[in-house]
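Trainee: Spelled out, the chains give:
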Amino acid sequence: MAELRDRALGVIVCAADASALDRLVPAGHGARMLRVAPDEIMAVVDAAFTQDVRRELADRVAALDGDALVLDVSDGWAAIAITGEDADRTFSYLSALDPPEDDGFAQGDVARVAAKVLRVPGGLAILVPAYWREHVRARAVDDAGTTEARG
Amino acid sequence: MPSLRLDGRRIDVRDGDTIAAAAYRAGIRTFSRSLKAHRRRGLYCGTGDCANCLVTVDGLPGERACVTPARDGMKVDRETGWPSTDRDLLAINDRLHRLMPVGFYYKVFARPRWLWPIAERVIRRATGTGTLPLKAPARRMATRFVRVRTLVIGGGVAGLAAAATAAADGSVLVAEERELGARITDPAARETIARLAAEARAAGAEVLEGHTAIGIYEGPATAVLGRDELVEVEAERVIVATGAVEAHGVFPGNDLPGVWLGRGAAVMAAIHGVPIGDRVVIVANTDEGQHLADAIRAGGSDVALVAGRVLEARGSREVSSVSVLTPEGRRAFACDALVLSLGWAPRDTLLRMTAEPEVVGAGDVTSPGRSLADAEASGRAAGRGDPVEPADAGPWPVAEQDGYVCVCEDVSMHDLEHAWSEGWTSSEILKRYTTATMGPCQGALCSRHLAEHARAKGAAPAARGRTTARPPVRAPRLGDLTGAVHEQVERRTALHERHVAAGARIDHSGVWLRPGTYGDVDGEIRAVRERVSVMDVSTLGKFLVAGREARMLLDRVFPLDVGSIAPGRARYLLALDEAGYVMDDGLLAALGDDTFYLTSTSGGADRMEAWLRNWTDRLELHAHVLNQTAQLGAINVAGPHARDLLATLSEDDLSRAAIPYPGHAEITVAGVPCRAIAVGFVGELSYELHHPRGRSIELWDALLDAGAAWDIRPHGLDALDVLRLEKSHVYLAQDTMPDDHPAKLGLDWAVATHKDEFVGKRALERMNALPLERRLVGLRFDGPPQRGYPLAADGVIVGRITSCTVSSAAGGPVGLGWLRAIDGTFPSVLRAGDVTATVSPTPFYDPEGVRLRG
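So the sequences go chain by chain: E and Z.
For the first sequence, the numbering used here begins at 1 and goes up steadily by one.
For the second sequence, the numbering used here begins at 152 and goes up steadily by one.
Take the hints with a grain of salt, since some may be wrong.
What the hints assert, rightly or not - Covered by chain Z, per the in silico footprint, the following chain E stretches (three or more residues, Cβ under 8 Å):
1) 22-33
2) 51-64
3) 73-82
4) 91-101
Stated by the list, open to error - Taking CB as the label site, the calculated pair distances span:
5) Z:Pro811 x E:Ala58: 50 to 56 Å
6) E:Gln51 x Z:Gly963: 55 to 61 Å
7) E:Pro26 x Z:Asp379: 52 to 58 Å
8) E:Ala48 x Z:Asp379: 37 to 43 Å
Quick caveat, the hints were computed from the structure, so don't treat them as lab data.
C-beta atoms are modelled at their ideal positions from N, C-alpha and C, and glycine is treated no differently.
Okay, chain E solo, but in the shape it has when bound (with noise of 0.2 Å):
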């Protein structure tokens, strides 16, 4: 059985010319930089070192170029982690994606909404945009089968 629970995150938004993120050095603290697009960059962290990780990539993406954007978007992402032995498992209620191995993260239609999926110890979190995070959880407990963690 697998267990559903929100997850803290922050969100990063690196907009760039595409030669510049191809250049960017990953932000630290453990930052997952997720290439969203030729010219985007999306650096998803632990929530606790959102502003670390925004000031070091706008530092480091503003000498590369300076025309760059980077702002953080936490509040309009919302983070569920579905963790446990069946995680993969319960995700293939949920979308046709494939699970992402261990760095990698897919993108596409979870729940019919758009998302981010990305490894994480234990399982998988989901990043959606906020306005539907009770439509995505509603579908993980109802038509996957997870439940809610305690705690």
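Since the structure of chain E is already known, use the hints to place chain Z on it.
Mentor: Then chain Z, alone, in the frame of chain E:
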């Protein structure tokens, strides 16, 4: 002993019984009545292929009794016949059958026309199977997505051999309709299946028992239906190993209860231990005859095994004798069961659904009647990806006399002949005219007969093929098909729970859930007009557009003069498409020289993002477009005391100079950083506070607490509809049409025609050179108007009302409506039902816009 109830009668259930086995043991011989003639139908195929044994189980119709396990306490009802299946008065139809030849419905009820609705009701009551449980709660089927290298459909010898072999080359999923080997009577076959299943599992293949593939679609994508899930399988290749169904023989009396196909009869006798009759005649032209005889004899029946052609079966309630043309001549047998093993029809509907080369067959589905070794070899060859073997459908009992071709739809050989003589001379149109193959079994038994009939009649090759195979192969429930598709995906703002707690009526507004009203629309309107109110407008599309060419992008895309918007100022924004038609509207705020904040309508946000990104790419401009709709909440604080309220929660300068109309400023309200935008949609002093979504609740609560001094109350969509109408602001889509250019809406003031370029400019120039044939106008009424009512001038309909309300602020009933020009002139006085409408200047409320400037 466990038991079920069949039509109220208690029937014992033994371990391993299907519903059919338990019922047959209890003496039930008639399981249903045929669709049209109401002839008795008994167990026939015993493999789930025909529709003779469809019953209602615990309220759910259409269950196949021959393959559905029986359970203690189950409530089973036969579905056809009136007043009962055993005593069906509608069996009179069988006597009248000759008076109702094929095509009867098309011809007889064509004239007089009034007769058809009556006849239709009678026919509908007399036919059909089962009753839909309309009051039962809808079942929601979960959908699972699986991507594998190889999907094998069918868990018989060939399928499992294919799976065991293919598993060496990647992931394999096997979908088997029942339990592996559950209904196999041949011990050697059972042993082979057990061995191959173990080998396939050991090689890593996943076997889904109780899962039926119901359709193969482009991709190939396969829909596999389990009891509790719909599995969508994307496979690089699909191996169909669904075997063959035994041939359906056509002869007089072929549909009598007591006539069986061989394998089903063997299962009943050998697996369920139920003798199918006392005296059984087996007519076998295949090499399975002796095995069938042994299996049925083991059930306790006296068996005669004969080779030949069945000439006729006789009987009234069930078969009592049979005539067979044997090599020795015509022979008659008294019997109470007739078992047929005449050949095979490949169970190839899935295979015929697609021409994709990745979908291949293996085993009996390509060449029925194989030995176990041959089936295994065929499966292994398919599993390795060897070249596809040529198909060989094998022997087939060509119909040479009358009898039922399609038992689902009561279509006889006589009917096919009749239809052919009327000119329906191909298998496809024979199908449509006679409805053969269109019943619940979807042609499993009869489609080959139809093709053979066309061939025997000398039809051209193109006219004698098998009829088109389409999903579903097995009849699923409608609820199964919905599998997560029917849901409406809803967006919620961060304040949703606050609205619910405040007793708001929550409406669907496009994809959003929004408060319609908090219970007192008039009170909400008065709060806006007289004091102060708040509204959750987080649903607005919100975009940050930045970069050294952001201004150029926006100026090139939108018709307003972006170059003239100074930082700190904002401007009403129209979005036009290439044809010059109004696509969306909103507000554009200049945050800096190369940074802009743009809002769109709530429903238009996704389209606006795609539109902006597309133009950024097309124009190859250096600009970043960031959709902040989810990231930012927005609350509109509106009313004559809006500034007073904000002043209690903010230390920033809120003066008209600091936040001009239309303009904006970054301020802090109740500790929450906000972009305050002075707007005028409701016609009062208003500030939209755009802020981080995570702090929406904090801000909302603070505004309501502080606003208590002015008796604040939130307003919803109902109030907004009145407020915006008093200012004659349009709702896109409600007040507009897809081909509206700005002049038709009276919005040409929002277009900077002097600009060299903007999207839609050339189209607008051409349209503006033409006389205006239609325009949106303000209307005042002398009575309560109704939205959607036509507007008539001198008895001619010239338009319609798109929005209307009775407004105290506007001094009576007002609205907006479309008006068409007559001879180049727009009428000014119109009728809208019983009401007179007069074209009126707009806006209806505060036309000088004094109030919204505060």
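Trainee: Is it true that Z:Pro811 and E:Ala58 lie within 50 to 56 Å of each other by Cβ?
Mentor: 31 Å Cβ-Cβ, so the 50 to 56 Å window is violated.
Trainee: Given the hint of 55 to 61 Å, check if E:Gln51 and Z:Gly963 actually sit that far apart at their C-beta atoms.
Mentor: Between E:Gln51 and Z:Gly963, where Cβ atoms are some 56 Å apart, the hint holds.
Trainee: Under a C-beta cut-off of less than 8 Å, do 3 or more residues of the stretch 73-82 of chain E approach chain Z closely enough to confirm the stated coverage?
Mentor: This one holds; 5 residues, not fewer than the three required, reach chain Z with a Cβ under 8 Å.
Trainee: State whether the coverage of the stretch 51-64 of chain E by chain Z holds or is violated, taking the criterion as 3 or more residues with Cβ-Cβ distances under 8 Å.
Mentor: Violated - the stretch 51-64 of chain E has 0 residues with a Cβ nearer than 8 Å to chain Z, which falls short of three.
Trainee: Please test the hint of 37 to 43 Å on the beta carbon pair from E:Ala48 and Z:Asp379.
Mentor: 41 Å, holds
Trainee: Taking 52 to 58 Å as the stated bounds, is the beta-carbon spacing between E:Pro26 and Z:Asp379 within them?
Mentor: 43 Å, violated
Trainee: How does the coverage statement for the stretch 91-101 of chain E fare against chain Z, requiring three or more residues with Cβ below 8 Å from a Cβ of that chain?
Mentor: holds (count 6)
Trainee: Using C-beta distances, would you say chain Z covers the stretch 22-33 of chain E, given that this needs three or more residues below 8 Å?
Mentor: It is violated: at least three residues are needed, and the stretch 22-33 of chain E offers just 0 whose Cβ sits closer than 8 Å to chain Z.
Hint violations for this structure: numbers 1, 2, 5, 7, all remaining hints satisfied.
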